[in-house]
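Generate the whole structure from the sequences, applying the supplied hints.
Protein chains: 2
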Amino acid sequence: MNHIPTFDDIRETHERISIYINKTPVLSSDAINELAGCYVFFKCENLQKIGAFKARGGMNAVLSLSKEEQQKGITTHSSGNHAQAIALAAKAVGTKAYIVMPNNAPEIKKNGVKYLGGEIIECEPTLEARETTVQKIIDEKGATFVHPFNNYDVIAGQATAAIELIEQAGELNVIMAPVGGGGLLSGTALAAHYLMPNAEVIAGEPEGAADAIRSFKSGKIEKAPYIKTIADGLLTNLGDKTLEIIRTYVKDIITVSEEEIIAAMRLVWEQLKIVIEPSSAVPFAALLKENQRFAGKRIGIILTGGNVDLGKLPF
Amino acid sequence: MNHIPTFDDIRETHERISIYINKTPVLSSDAINELAGCYVFFKCENLQKIGAFKARGGMNAVLSLSKEEQQKGITTHSSGNHAQAIALAAKAVGTKAYIVMPNNAPEIKKNGVKYLGGEIIECEPTLEARETTVQKIIDEKGATFVHPFNNYDVIAGQATAAIELIEQAGELNVIMAPVGGGGLLSGTALAAHYLMPNAEVIAGEPEGAADAIRSFKSGKIEKAPYIKTIADGLLTNLGDKTLEIIRTYVKDIITVSEEEIIAAMRLVWEQLKIVIEPSSAVPFAALLKENQRFAGKRIGIILTGGNVDLGKLPF
Numbered sequence: 001m002n003h004i005p006t007f008d009d010i011r012e013t014h015e016r017i018s019i020y021i022n023k024t025p026v027l028s029s030d031a032i033n034e035l036a037g038c039y040v041f042f043k044c045e046n047l048q049k050i051g052a053f054k055a056r057g058g059m060n061a062v063l064s065l066s067k068e069e070q071q072k073g074i075t076t077h078s079s080g081n082h083a084q085a086i087a088l089a090a091k092a093v094g095t096k097a098y099i100v101m102p103n104n105a106p107e108i109k110k111n112g113v114k115y116l117g118g119e120i121i122e123c124e125p126t127l128e129a130r131e132t133t134v135q136k137i138i139d140e141k142g143a144t145f146v147h148p149f150n151n152y153d154v155i156a157g158q159a160t161a162a163i164e165l166i167e168q169a170g171e172l173n174v175i176m177a178p179v180g181g182g183g184l185l186s187g188t189a190l191a192a193h194y195l196m197p198n199a200e201v202i203a204g205e206p207e208g209a210a211d212a213i214r215s216f217k218s219g220k221i222e223k224a225p226y227i228k229t230i231a232d233g234l235l236t237n238l239g240d241k242t243l244e245i246i247r248t249y250v251k252d253i254i255t256v257s258e259e260e261i262i263a264a265m266r267l268v269w270e271q272l273k274i275v276i277e278p279s280s281a282v283p284f285a286a287l288l289k290e291n292q293r294f295a296g297k298r299i300g301i302i303l304t305g306g307n308v309d310l311g312k313l314p315f
Numbered sequence: 001m002n003h004i005p006t007f008d009d010i011r012e013t014h015e016r017i018s019i020y021i022n023k024t025p026v027l028s029s030d031a032i033n034e035l036a037g038c039y040v041f042f043k044c045e046n047l048q049k050i051g052a053f054k055a056r057g058g059m060n061a062v063l064s065l066s067k068e069e070q071q072k073g074i075t076t077h078s079s080g081n082h083a084q085a086i087a088l089a090a091k092a093v094g095t096k097a098y099i100v101m102p103n104n105a106p107e108i109k110k111n112g113v114k115y116l117g118g119e120i121i122e123c124e125p126t127l128e129a130r131e132t133t134v135q136k137i138i139d140e141k142g143a144t145f146v147h148p149f150n151n152y153d154v155i156a157g158q159a160t161a162a163i164e165l166i167e168q169a170g171e172l173n174v175i176m177a178p179v180g181g182g183g184l185l186s187g188t189a190l191a192a193h194y195l196m197p198n199a200e201v202i203a204g205e206p207e208g209a210a211d212a213i214r215s216f217k218s219g220k221i222e223k224a225p226y227i228k229t230i231a232d233g234l235l236t237n238l239g240d241k242t243l244e245i246i247r248t249y250v251k252d253i254i255t256v257s258e259e260e261i262i263a264a265m266r267l268v269w270e271q272l273k274i275v276i277e278p279s280s281a282v283p284f285a286a287l288l289k290e291n292q293r294f295a296g297k298r299i300g301i302i303l304t305g306g307n308v309d310l311g312k313l314p315f
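In order, the protein sequence lines correspond to chains A and B.
FYI, the UniProt record's numbering numbers position 302 of the first sequence as 302, with every residue one higher than the one before it.
FYI, the UniProt record's numbering numbers position 220 of the second sequence as 220, with every residue one higher than the one before it.
Calculated directly from the structure, the hints in this document are not laboratory data.
Mixed in with the good hints, there may be bad ones.
What the hints assert, rightly or not - To list a few chain A residues with every Cβ distance to chain B over 12 Å, as calculated:
no. : residue
1   : Asn46
2   : Pro102
3   : Thr132
4   : Met196
5   : Lys217
6   : Thr255
7   : Glu259
As the list claims (entries may be wrong) - Cross-link-like lysine-lysine pairs, in silico, DSBU-like; alpha carbons within 30 Å at most:
no. : chain 1 : residue 1 : chain 2 : residue 2
8   : A       : Lys114    : B       : Lys297
9   : B       : Lys289    : A       : Lys109
10  : B       : Lys223    : B       : Lys241
11  : B       : Lys241    : B       : Lys110
12  : A       : Lys141    : A       : Lys96
13  : B       : Lys91     : B       : Lys114
14  : A       : Lys110    : A       : Lys312
15  : B       : Lys220    : B       : Lys251
16  : B       : Lys223    : A       : Lys289
17  : A       : Lys220    : A       : Lys72
18  : A       : Lys312    : B       : Lys141
19  : A       : Lys312    : B       : Lys312
20  : A       : Lys289    : B       : Lys109
21  : A       : Lys23     : B       : Lys297
22  : A       : Lys312    : A       : Lys289
23  : B       : Lys297    : A       : Lys297
24  : B       : Lys23     : B       : Lys114
25  : A       : Lys23     : A       : Lys141
26  : A       : Lys23     : B       : Lys23
27  : B       : Lys241    : B       : Lys23
28  : B       : Lys220    : B       : Lys289
29  : B       : Lys251    : B       : Lys312
30  : B       : Lys23     : B       : Lys109
31  : A       : Lys114    : A       : Lys67
32  : B       : Lys220    : A       : Lys228
33  : B       : Lys23     : A       : Lys297
34  : B       : Lys289    : A       : Lys110
35  : B       : Lys110    : B       : Lys223
36  : B       : Lys241    : A       : Lys114
37  : B       : Lys251    : B       : Lys109
38  : B       : Lys110    : A       : Lys91
39  : A       : Lys289    : B       : Lys110
40  : A       : Lys312    : A       : Lys297
Beta carbons are placed, not taken as given, at the ideal position from N, Cα and C, and that holds for glycine.
Written out as structure tokens, the structure reads:
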């Protein structure tokens with residue numbers, strides 16, 4: 001797709017991917033509502049296939065290719081959830097996934113891709129090496145590159161989480177998501193704009209990876225002043241496509257400290273009894289930080305994933 | 001109710017309690033199915049109100065009382081999930097819950113009851129002190145005692161988890177649950193007997209609290225040879241009512257080691273992305289231990305609860 005997804009695009013995307021993904025539940029907790037002073041509806045994408053919302057966008061991007069393109073294989077560079085999303089999608093259409101990963105990527109990430117039948121191509125841990133290696137695969141195999149977020153098919157896929165959330169939770173005053181590269185936030189903002197135009201879309205971002213808030217204000221893709229956060233899914237900068245959508249349809253970005261992220265993560269584990277990764281806790285941390293602003297409202301939050309190393313918990 | 005619950009009793013129970021409890025989701029995982037060599041459907045009672053299936057039985061017992069009985073209050077002795085279940089049920093009907101707890105009960109358990117408006121009465125940490133204190137409350141307040149498991153209304157309530165599981169997962173060859181006092185296992189066995197009589201009901205029990213397997217074989221209520229298990233929800237012995245139902249409708253009890261419980265618990269956390277307490281992992285540990293016996297079958301497992309101290313994880 002070479003345009004900002006329309007409502008029809010997103011609806012068709014949802015139909016296309018629905019048999020390949022989980023319709024994840026929406027959970028809530030009286031104790032959390034009381035503590036937060038508002039009604040919070042958590043969309044549990046940690047319970048999604050591969051343990052993250054990325055399954056949606058990757059699946060849509062691959063399913064949207066022609067049969068000929070699919071047969072030549074898919075490639076991407078990622079050491080995170082997008083790698084598994086592409087491996088899953090390639091497996092679903094019976095083709096190969098060539099996943100470029102830095103040679104220092106954790107075994108658990110490599111195993112996740114291998115389990116899904118993906119082929120891992122290791123490279124030096126620099127962005128340049130990643131891009132060169134992917135380009136080589138494109139040239140040699142004719143594989144199609146699927147960018148993890150700066151891609152309208154991916155954005156349309158991520159939008160389907162908010163589509164389901166709105167259907168499951170009913171009227172919402174605010175919808176919140178974290179922001180890394182901005183694929184999920186863009187999709188969420190579009191879904192809200194089409195289905196619930198009066199709802200505000202607000203993002204959470206770590207103080208230790210505060211690039212999106214600067215880009216949001218300046219209109220240019222900016223880097224974070226410094227990088228130091230447990231929310232390792234949110235280290236990426238925005239792309240031109242996600243920046244444009246976010247500047248148009250997102251109301252605000254709230255930054256939160258490491259302590260606020262860990263406290264919010266622990267609350268979700270304790271009260272909702274689910275495993276979420278630190279990145280998932282960022283928008284809830286933002287809600288708790290500025291809870292006066294949300295008093296009495298109905299808030300939807302997209303919990304992005306649950307891929308966390310149980311041997312390295314922050315509590 | 002003064003008889004073993006019939007199918008109609010259980011159906012009426014389900015209608016009675018349904019607006020007060022969560023219809024919890026059933027989750028599954030391709031990775032777990034592949035590892036186990038069968039299809040496993042996990043009924044997530046860790047996502048139930050109060051974080052445990054006990055909400056079902058407690059709610060039914062309290063809702064089944066007359067208005068006059070309800071007004072005089074409810075009492076029980078428990079330092080576990082049943083205490084919160086009774087506090088929740090009392091709150092639902094607008095009456096008082098008098099919860100007798102040993103004076104060494106953890107603060108987190110006391111706070112759970114207080115949060116729900118229950119009144120805690122502390123006593124010495126002996127069974128005798130607990131029973132004397134409860135009797136005093138019955139005499140003084142006219143409150144009704146609700147036993148945590150040896151009570152047909154409670155058993156009918158616990159049966160509703162399996163009723164939902166069968167509805168959600170479809171045809172099952174085996175249904176598994178842990179066994180402590182046997183309330184859940186009794187209810188599960190009755191539900192299976194009425195709705196899916198060809199399914200086998202099999203329990204898991206810790207080797208370090210192996211009383212039910214002895215009672216199951218001898219027909220008398222027996223104690224465990226020794227007590228040493230992380231599955232602190234399964235320390236209780238059976239009662240006469242649960243023993244009778246279990247002897248009639250349960251196929252088998254499988255015991256598992258501490259290492260097997262912890263490994264199964266970790267697998268659930270990692271693959272299903274949910275928080276379960278050690279007791280919940282016991283039937284899944286039993287399945288993994290004897291997986292040849294379950295090869296290719298469709299297995300339902302009731303995950304009983306998610307109330308675990310995140311500061312004291314075994315991994």
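Do the alpha carbons of Lys110 (chain A) and Lys312 (chain A) lie within 30 Å of each other, as the hint requires?
-> Holds - the C-alpha atoms of Lys312 (chain A) and Lys110 (chain A) are around 18 Å apart, at most 30 Å.
Within a Cα-Cα threshold of 30 Å, do Lys114 (chain A) and Lys67 (chain A) meet the stated pairing?
-> Answer holds: Lys114 (chain A) to Lys67 (chain A) is near 24 Å, not above 30 Å.
Under the criterion that the straight-line Cα-Cα distance not exceed 30 Å, is the pair Lys312 (chain A), Lys297 (chain A) satisfied?
-> 35 Å, violated
Holds or violated: Lys289 (chain B) to Lys110 (chain A), with C-alpha atoms at most 30 Å apart = 28 Å, holds
Are all C-beta atoms of chain B more than 12 Å from that of Glu259 (chain A)?
-> 16 Å, holds
Keeping to a limit of 30 Å between CA atoms, is the pair of Lys220 (chain A) and Lys72 (chain A) held or broken?
-> 35 Å, violated
Going straight from one Cα to the other, do Lys312 (chain A) and Lys141 (chain B) come out at no more than 30 Å?
-> 50 Å, violated
Straight-line Cα separation of Lys141 (chain A) and Lys96 (chain A) no greater than 30 Å?
-> The given pair, whose Cα atoms are some 10 Å apart, holds under the 30 Å limit.
Straight-line Cα separation of Lys312 (chain A) and Lys289 (chain A) no greater than 30 Å?
-> Distance of about 25 Å is within 30 Å: holds.
Is Met196 (chain A) truly not at the interface, in the sense that its beta carbon sits beyond 12 Å from all beta carbons of chain B?
-> Met196 (chain A) is indeed farther than 12 Å from all Cβ atoms of chain B, at 24 Å.
With a cut-off of 30 Å on the C-alpha distance, tell me whether Lys110 (chain B) and Lys223 (chain B) pass.
-> 28 Å, holds
With a cut-off of 30 Å on the C-alpha distance, tell me whether Lys220 (chain B) and Lys228 (chain A) pass.
-> The given pair, whose Cα atoms are some 61 Å apart, is violated under the 30 Å limit.
The structure shown violates the earlier hints numbered 1, 16, 17, 18, 23, 25, 29, 32, 36, 37, 38, 40.
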